[in-house]
Amino acid sequence: SLYGNNSLSGTVNIFPKMTRENYAFSVEIFGGTQKTVSGSTFFGLKKNDWSADFIAANFQTAGYVLVDERERGLADVLAGSRNSNLSARIGKSFDETANVFFKTSYFGEVRTNGTGLQTNRTHIRQFILGGDWADENSKFKIQNSKFRVQNPKFDWRVYGGTQTYDQIFSAVSASDRNSETLNRVQRVPAQTVGFSANASAVVLENQTLLIGFEAREVRGASDEIGVFNNRATSVSSADGRERTVGFFVQDFARIARKFVLAASARFDAWRNFAATSATRTLSNNQTNIVNFPDRDESAFSPQISLLYQATGNFSFFALVSKSFRAPTLNELYRGFRVGNVVTNANENLRAEKANNYEAGASFGAKNIYLRGNFFLTDVSQPISNVTLAVTPNLIVRQRQNVGRARTRGAEIEAETRLKNFNFSIGYLFADSRFARFPANRSLENLFVPQTARHQLTFQTRYARRDWSFALQGRASGEQFDDDLNTFRLEPYFQIDAFAAKRFGENTQVFIAVENVSNARYSVGKTPVRTVSSPVNLRVGVRWN
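With our numbering applied, the sequence shown covers 1071 to 1614.
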């Protein structure tokens, strides 16, 4: 619940590389099949109370033809990518208890999407200004009470950025895919600014209390030119704003020797406002303007979990929580097209809200670790792309709140180490279905799109002296690419391999092979079948 709007969809916490020495430098270069070339470098410097980091990376690949060989035509070409990433950070520390920093970054990418006309570009610029304060030796006690505060910490962040996304849409002839027609040119600019602050401390000796506040505003737009018979026929735009505030608190307490209790609560409120849509028909110069009503929503997200340490090796845990995901400006006001599928926006979407239940156990000994859990997630008003009409040349969908979706499942993980070998395996069973949808009963009990019931992963690593080897694989059961469960994506299995040799203390040469068996499984159907990448080889060198 601490992650608010991102808690339902999942959150990845990324810690960027920073120098902890007076001087640090590293570089990596690799090349491979599909005309792939990449290079990246890191440079860090620390002098007295000042520190600075710089990162630069570039990647490019010609890619592969996405469409299945049995269906492709003259319009299908390589789908490739070329991107660059730059970031710089400067920081100042004070008395080993506090620091401030400023970081800025840029990311730019150009992609070819598998046909001669379909291309897109993305440019992202971001900044973060922040500070941290922590005093591990600080302690104070309220007079005439047992209330103590130790190890207080405080951090704050001010951040913002801009993103520009350019997309060219086309229609490919359904009969033979030999011709392609331009039908839409779109630009999607967005800007964001936000602030967050967190404070924590150890209280009553065995409790850790965390409180926080977040605020953010996002502005997004979509500007389009409609094209028919190679002539511009319309100009349209849609834009809107979103303002969000959130407060949260968490208490982490150790009870006796064998119990750990964690409880948290978060309240979020957001407002969508200043949303409009305008379309001008060029043939008669008439303009149609729609002003969408302002929207207000809120969500309360509590969570409580309990860990019971039965023995030194064996423990049980249980968790109950609520979470949510608010519809994005993109979902509310921007439509898009992929292949022959058009998906329309929906300004009436409401937030997804979920009740989550989980329980499991773990066992850890000298060379073995086992973990298993059961879970149930019940989502009210999940947002899904619902099919409205199907023709041989066009499928029309709209984002809608689909009554209720329910996911039941179990997960098992195991890991062991034998001398220089490390083995790990994981299995996930997730039965995810539309449980209730009064507006369209035909969807009830169908599988949620792009969610496989069975997933298996494994990894084997071997390391000795200067050599290291790794083998990893993943398998997935069947899933569907649409709400009607008509476009089936078959089960697949893929295996990857890696080997590296270190020379001296600073240099490592590596080779990696992705999709060793050259499996070509379905990754999408629109209804045209697109397939996974063929076997891919990379060879490179690292120095640090």
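FYI, nobody ran anything at the bench for these hints, they're computed from the structure. Check the hints yourself; a few may be wrong.
DMTMM-like cross-link-like pairs, simulated, lysine to aspartate or glutamate; straight-line CA separation at most 25 Å [stated by the list, open to error]: (1) K1173 with E1287; (2) K1209 with E1166; (3) K1595 with E1098; (4) K1087 with E1098; (5) K1117 with E1179.
Listed next, with one range per pair, are the computed distances between beta-carbon atoms [unchecked claim]: (6) I1495 with Y1427: 56 to 66 Å; (7) A1569 with D1165: 45 to 55 Å; (8) F1298 with I1495: 13 to 23 Å.
In this text the structure is predicted, and so the values were computed from the model without any measurement. The C-beta atom is built at its ideal place from N, Cα and C for all residues, glycine as well.
Hint-by-hint comparison with the structure:
{"no.": "1", "hint": "K1173 with E1287", "in the structure": "holds, 20 Å"}
{"no.": "2", "hint": "K1209 with E1166", "in the structure": "holds, 17 Å"}
{"no.": "3", "hint": "K1595 with E1098", "in the structure": "violated, 36 Å"}
{"no.": "4", "hint": "K1087 with E1098", "in the structure": "holds, 14 Å"}
{"no.": "5", "hint": "K1117 with E1179", "in the structure": "violated, 34 Å"}
{"no.": "6", "hint": "I1495 with Y1427: 56 to 66 Å", "in the structure": "violated, 25 Å"}
{"no.": "7", "hint": "A1569 with D1165: 45 to 55 Å", "in the structure": "holds, 47 Å"}
{"no.": "8", "hint": "F1298 with I1495: 13 to 23 Å", "in the structure": "violated, 54 Å"}
Consistency with the previously given hints fails for numbers 3, 5, 6, 8, ordered from lowest to highest.
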